[in-house]
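2 protein chains.
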Amino acid sequence: MDLSGITHVAFDADDTLWAHENIFVDAKARCLKLLSPYMKDGMNLEEELYRFERKNLKIFGYGVKGFTLSMIETAIELSDGKISGREIQQIIDLAKEMLDHPINLLPGVEAALDALEDHYTLMVITKGDLFDQENKLARSGVGQRFDIVEVVSEKNPETYRGILARHGIPPEQFMMIGNSLRSDVLPVIAAGGMAAHLPFEFTWHHEAVTETKETYWKVASMEEFVVALVETLPRRVG
Amino acid sequence: MDLSGITHVAFDADDTLWAHENIFVDAKARCLKLLSPYMKDGMNLEEELYRFERKNLKIFGYGVKGFTLSMIETAIELSDGKISGREIQQIIDLAKEMLDHPINLLPGVEAALDALEDHYTLMVITKGDLFDQENKLARSGVGQRFDIVEVVSEKNPETYRGILARHGIPPEQFMMIGNSLRSDVLPVIAAGGMAAHLPFEFTWHHEAVTETKETYWKVASMEEFVVALVETLPRRVG
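Those protein sequences? They're chains Z and E, same order as listed.
If you count the first sequence from 1, position 54 lands on 54 in my numbering, and the numbers rise without skipping.
If you count the second sequence from 1, position 87 lands on 87 in my numbering, and the numbers rise without skipping.
For reference, chain Z alone in the conformation it holds in the complex:
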């Protein structure tokens, strides 16, 4: 892969710049505990919750608020409507905690921005709730280091084509890095750009891709990504 023509480097945000899915995993675990008195034998909360989430995605979209409403629905159904108002309040409090969670940058992110910012136009392309994503970027402390921030409701090839066209970026000069094959890698390749996959510890079912015929660049760390890019920069003589 020839990286020497890259001018624009875009980062996914959740689970690429900062940990995110683990907050959902933790919230689900606490919800399971809350619901355990109502669980029937053989019930799998994780599966039930995913069933509601998937059904509600097209009406609620991505993000904590839609997730919370799905969690409340799951709780009501699993408990046959017996769950109390107080317990539902605990689910809402969980949501508020999730939305107010400290944003901790993942290893290598600050070093990556330091190494790349003088040489590339840096972008964030993130899917989800506009308000939440802007909030997180502001709280991350690195929001100001990106030249272009795009919050989108879905990451498909058309989304990426639209962003590239809007900013006048030739696809072959565009590189995206993210943890989701489905959202950050495959649609970018389909749009003519390059993409690096940096897996995160947890992958949400909805983002999982089992196999693909596309060839893509898999990196083990943010550092590996940065080193490979920086190596292609023209060397200073002297």
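Check each hint, because a few of them may be wrong.
If chains are identical, the list can't say which one is meant, so a pair holds when it fits in one copy or spans any two.
[Unchecked claim] Here are the computed lysine-lysine pairs in the DSSO-like style, where the Cα-Cα straight-line distance is at most 27 Å:
| # | residue 1 | residue 2 |
| --- | --- | --- |
| 1 | K40 | K55 |
| 2 | K40 | K28 |
| 3 | K96 | K82 |
| 4 | K55 | K96 |
| 5 | K82 | K28 |
Please keep in mind that the hints were generated in silico from the structure rather than gathered at the bench.
Mind docking chain E on chain Z? Use the hints.
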């Protein structure tokens, strides 16, 4: 006011392109009915709900999902936690109905687009949930008629300045029309643009402005706005 230099006309969406606040008003009324068995004497649901909404705005942002979570919280508190899961499910069903509500263009909107689209760059600038607003614009049937669509999390002078800068629009060539003095008119004037206020039947407390020293253009109908703009266009000879 000299309108002859205007090149860009931006519309607010909710309660300017289509009716919206009445859906919330209706939802609140149905919620009141649902909660009436739990209401204590002298309680004002409207006030209680607004108290939660305002408190939650900075964590949930604008939109139906945050509104719904606030409605559920209000219901839990007013009922001292006695509200049942089934009743909360009814609130969630209300939210889904709100999100799936048919989008009916307000009077004069289609005619306005017809009259203006060959002469101005048409924009939508709307505040709220990215997913919901994109969804509504798509369902409105007129989404494709706008050259620029901006969904923002807050409408303040910086927001408008940012949009104008990003698209290279000189402020004095920019005209915004909307139903909210607070969001669509005053911050636009502060950013150096022009703005027309087209009041809607309902105004959310949060958007109400009691007085202002700014002078702004108040129009009685979309038609009045369009006629005034079109009159400034150069006439064809022949």
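Hint numbers contradicted by this structure: none
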